[in-house]
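Just need the whole structure built from these sequences, with the hints factored in.
Which chain is which? The protein sequence lines are A and B, in order.
Take the working numbering: the last position of the first sequence gets the number 408, and nothing is skipped along the way.
Take the working numbering: the last position of the second sequence gets the number 676, and nothing is skipped along the way.
Hints in this document: simulated from the structure, not taken from any laboratory.
Remember, it's a predicted structure, so these values are computed and weren't measured experimentally.
All C-beta atoms, glycine included, are put in the ideal place defined by N, C-alpha and C.
Hints should not be assumed to be uniformly reliable.
Residues from chain A that face chain B, not an exhaustive set, calculated with beta carbons under 8 Å [said to hold, decoys possible]:
1) Ser319
2) Gln322
3) Leu324
Label pairs and their computed distance ranges (CB to CB) [said to hold, decoys possible]:
4) B:Gly534 - A:Trp347: 34 to 40 Å
5) A:Phe392 - B:Thr435: 23 to 29 Å
6) A:Arg14 - B:Pro555: 20 to 26 Å
7) B:Thr435 - A:Phe286: 40 to 46 Å
8) A:Leu24 - B:Arg428: 36 to 42 Å
9) B:Ser479 - A:Leu285: 34 to 40 Å
10) A:Leu285 - B:Pro555: 54 to 60 Å
11) A:Leu289 - B:Pro555: 47 to 53 Å
12) A:Leu289 - B:Ala436: 54 to 60 Å
The calculated DSBU-like cross-link candidates involving lysine-lysine, where the alpha carbons are at most 35 Å apart (straight line), are [unchecked claim]:
13) A:Lys308 - B:Lys554
14) A:Lys183 - A:Lys211
15) A:Lys183 - A:Lys237
16) B:Lys482 - A:Lys308
17) A:Lys308 - B:Lys496
18) A:Lys308 - A:Lys237
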Amino acid sequence: MNPLLPFEWVLATRFLREGLLQTLFIIAGVALGVSVIVFMSALLTGLQASIFSTLLDFQAQIVIKSPTEAPRSLRQAPGAEFATRVQPRAQRPRSLDQWQKVRDTTLAIPGVLVVAPVIEGAAFIVRGDANFGVGVLGIQTENFLRLIALKDKITAGHAELGSTDVLIGRDLAADLDLTIGDKLTLKAASGPSVVLFVTGIFDFGNQGQNKGSVYVALRTAQSLLGLPGAVTSLWVKVAAPFDAEATAQQMAAQPGIQVESWIETNAEFFKALSGQTLSFFMIRLFVGLTAALGIASVLVVSVVQKSKEIGILRATGTSRRQILGVFLLQGAMLGLLGSVLGSLMGWGFLVAWRGFAVNDEGVPFFTLEAGPVLYLVVALGATLVGVLSALFPAQRAARLDPAVAIRG
Amino acid sequence: MAELQPPPPTEPTLRLEGIRKSYGTGTAHETEVLHGIDLRLARGEFAALIGPSGSGKSTLLNLIGLLDRPSSGKIFLSGQAAQDLADKALTQLRARAIGFVFQFHNLLPAFTAVENVMLPLLAARGRPDAAMRQRAEELIDRVGLKPWGHHLANDLSGGQQQRVAIARALVMQPALVLADEPTGNLDTQSANGVFDLLREVSSGGTTFLIVTHDPRLAARCDRVIELVDGRIESDQATVATQPSDDLAPGPARPGQPLSRDRPARSPR
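Below is the structure:
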């Protein structure tokens with residue numbers, strides 16, 4: 001008997017060791033459940049992180065642009081028939097008024113990390129007889145690269161942009177048979193054109209992006225699109241992407257602008273995501289309940305098996321509270337031991353998954369990480385579940401009438 | 409804590425006044441098992457409780473052992489009234505004042521002989537310590553089981569298990585030891601040995617009440633109380649202590665030193 005262990009611990013450990021086979025089976029059961037929970041939690045986190053990073057690869061968390069113009073009615077007098085409808089000017093990028101001031105105000109909002117001015121417009125790539133329509137993004141690499149991980153997506157060349165440089169996507173490069181250092185002509189719909197050199201080829205893993213967009217320096221785009229000094233939007237990166245909507249609301253207080261967060265833009269996606277989170281939660285809940293019922297049933301059987309011993313203990317001075325403690329402790333120990341073993345198994349599954357779930361180039365589809373916090377939460381949770389499952393059997397044990405229990 | 413007050417010299421170890429016990433109270437099947445028992449056991453007395461099965465012996469023993477509550481009447485243990493105590497206080501009084509030896513299932517099989525003897529001390533103090541173990545080992549030595557002290561209870565013979573139970577009953581130095589058919593499932597030789605041991609350890613002023621239906625054992629007690637149909641039929645002192653079988657040494661008389669060098673009985 002370990003002199004450091006209190007009475008209840010001595011009894012609980014002995015009882016568990018006495019029914020070793022039962023104990024091992026239920027620990028294995030709890031471990032299996034815990035490993036599923038660990039694995040699924042890591043899967044969920046990894047999956048969502050992967051989807052987020054794919055979404056946010058080429059999208060700003062918050063975009064500030066000028067307000068959308070709606071058709072307006074011109075009226076001669078109140079209540080009269082309208083004279084005409086004024087249509088907003090189409091086919092023309094609208095610049096953001098006083099964008100430098102908006103940028104500075106936005107940068108002062110807490111949680112805002114980067115604000116990058118961007119000019120977006122449409123143009124054609126002219127190469128021989130072929131014309132390719134593309135979206136042109138004029139950017140300042142010094143701030144834009146801190147916002148979008150463009151640098152990591154470059155498969156050839158580099159991401160730095162001089163006034164005669166252009167970055168094109170992998171699919172566009174293949175279609176037009178362009179490589180680093182090649183020359184192309186970018187022609188705006190309104191007429192002006194500019195000759196640029198390919199300095200980098202990027203791959204976002206998304207054909208729309210790889211085919212439909214080119215990146216040029218801000219000034220180059222401004223002169224091409226006929227908007228010198230102007231930008232069409234400000235792209236914003238914040239410290240907490242999931243609070244982007246709240247931050248966006250704060251920014252919208254400034255006059256003359258329209259603000260969109262990525263959460264608003266991808267509302268459908270977020271709905272799907274919360275559905276996924278809910279279904280994962282349900283699975284984990286049921287696995288946890290199964291483990292709890294397993295612990296409870298083992299302890300109920302143990303109380304019946306040990307009723308004579310419990311009677312002897314009660315007759316020789318063990319209190320109801322002590323008996324209660326003995327069985328609650330057994331539940332806690334089963335939960336804790338099961339969760340430790342289950343965490344190891346879950347970790348093993350994760351390692352195995354990393355070996356299997358890779359594409360042809362050996363790059364994992366997405367990373368599965370289970371941090372120490374997850375393991376700690378699972379261990380504490382399983383211990384708590386163990387205690388709760390032991391509550392009913394422990395109360396039964398504590399209520400046993402010693403006279404009846406001994407007589408059997 | 410229900411501290412046990414030192415009883416006045418005239419106060420017996422056990423005093424029962426008008427004890428009645430009914431089962432199925434409030435139902436159509438209500439039956440009274442004990443019909444008003446008055447009983448006194450003096451300090452150091454060694455008494456037998458006999459009677460046919462169904463006479464209420466076990467019920468009475470459970471009431472005296474504070475394992476059950478009487479329907480009416482009063483129980484005094486060394487002068488302390490026990491019938492109105494709450495469960496917690498009752499458990500504490502039971503732990504301090506009463507030692508039990510049952511017929512079956514006396515020990516926890518997953519614990520060694522010494523550990524089984526330690527259990528009441530452990531329950532009272534919360535944590536094992538060296539003094540506790542030493543006391544348990546002394547008692548195991550005293551009941552002649554020194555070589556078996558560290559064997560699991562399950563590995564001991566029936567007679568040895570009863571000896572461990574006697575050691576455990578004494579570990580809290582109770583005023584009263586209750587033994588319910590302590591030799592009931594033992595062969596004659598082991599039964600004699602266990603009974604001799606009970607007589608031996610009773611010399612320290614502890615009161616013993618032994619339930620038995622073996623008239624030969626009852627005759628070797630100082631006093632025989634006979635229960636018939638829930639009433640005390642007779643209660644008399646035995647004329648003289650009968651000599652025991654030749655196989656076991658003669659019963660120890662109060663005041664006689666214990667034979668500590670008694671040879672241990674071999675396992676089955």
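Consistency of the hints with the structure:
no.	hint	verdict
1	Ser319	holds, 5 Å
2	Gln322	holds, 6 Å
3	Leu324	violated, 12 Å
4	B:Gly534 - A:Trp347: 34 to 40 Å	holds, 38 Å
5	A:Phe392 - B:Thr435: 23 to 29 Å	holds, 28 Å
6	A:Arg14 - B:Pro555: 20 to 26 Å	holds, 23 Å
7	B:Thr435 - A:Phe286: 40 to 46 Å	holds, 44 Å
8	A:Leu24 - B:Arg428: 36 to 42 Å	violated, 51 Å
9	B:Ser479 - A:Leu285: 34 to 40 Å	violated, 50 Å
10	A:Leu285 - B:Pro555: 54 to 60 Å	holds, 56 Å
11	A:Leu289 - B:Pro555: 47 to 53 Å	holds, 51 Å
12	A:Leu289 - B:Ala436: 54 to 60 Å	violated, 44 Å
13	A:Lys308 - B:Lys554	holds, 26 Å
14	A:Lys183 - A:Lys211	holds, 17 Å
15	A:Lys183 - A:Lys237	holds, 33 Å
16	B:Lys482 - A:Lys308	holds, 28 Å
17	A:Lys308 - B:Lys496	holds, 20 Å
18	A:Lys308 - A:Lys237	violated, 68 Å
Figure legend: structure checked against the earlier numbered hints; hints not met, in rising order: 3, 8, 9, 12 and 18.
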